[in-house]
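Residue numbers (the numbering used here), protein chains in the order written: chain A, 1 to 113; chain B, 1 to 113.
Calculated directly from the structure, the hints in this document are not laboratory data.
Hints are not guaranteed to be accurate.
[Unchecked claim] In the DSS-like style, the derived pairs of lysine-lysine whose C-alpha atoms are separated by at most 27 Å in a straight line are: (1) B:Lys42 to A:Lys57; (2) B:Lys42 to B:Lys56; (3) A:Lys13 to B:Lys42; (4) B:Lys56 to B:Lys67.
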Amino acid sequence: KAGVTQTPRYLIKTRGQQVTLSCSPISGHRSVSWYQQTPGQGLQFLFEYFSETQRNKGNFPGRFSGRQFSNSRSEMNVSTLELGDSALYLCASSSRDGGNTIYFGEGSWLTVV
Amino acid sequence: QKEVEQNSGPLSVPEGAIASLNCTYSDRGSQSFFWYRQYSGKSPELIMSIYSNGDKEDGRFTAQLNKASQYVSLLIRDSQPSDSATYLCAVNLYGGATNKLIFGTGTLLAVQP
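Required output: the full structure, derived from the provided sequences and hints.
Structural data, given as structure tokens:
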């Protein structure tokens, strides 16, 4: 069974640009969540989607947005990139509605210059 | 007070010893608890999940949960150099229909050959 797949794995963007990251969850998983990991702040929750609906959102500015498609695939977008957005962006999927184990993808490494 | 707290370490143990990793959390209503292992430059990998008070064993790993003390721990028996990594404690603080996890900052474990 394939794991969580994230694309692209590595990318470099210029300050002010926007970026879209993609995530394909484990087959059959309907919950997808996104996390940001930085050396200073650790792993922080961005948002969670279940059946195309955003169910939870973390404390990030509106520049961070996401969506989920009917096939459970998800994308997240960051607009007007700032240097501080440089991070590892992790997508995770889960099979059940809540309180269940989440499995992470390999992540997308974003560098903003 | 942080919602999930871990000692950042490094925790250094000799090969073959027992490594004990600890985590406290703030919300008594928390329902689900997880330990992830993260090697440098990689994404978090699930080690253990625990939902009820007591011990849960899986191979060389034992997770312990004490909800009254708001404390969860991970014991690694017969530690190996390959266990050297950062161990992240994660808690679902909200229960119900969410897979949102709050992570501690992680404990760096170094197993000395």
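Now the hints, each set against the structure:
Note on Lys42 of chain B and Lys57 of chain A: the hinted pairing holds, with a Cα-Cα distance of about 24 Å set against a maximum of 27 Å. Among the hinted pairs, Lys42 of chain B with Lys56 of chain B is consistent with the structure: their alpha-carbon atoms are about 26 Å apart, no more than 27 Å. Among the hinted pairs, Lys13 of chain A with Lys42 of chain B is consistent with the structure: their alpha-carbon atoms are about 21 Å apart, no more than 27 Å. Using a Cα cut-off of 27 Å, the hinted pair Lys56 of chain B and Lys67 of chain B holds, with the two alpha carbons roughly 14 Å apart.
Hint check: no violations occur; every hint is consistent with the structure.
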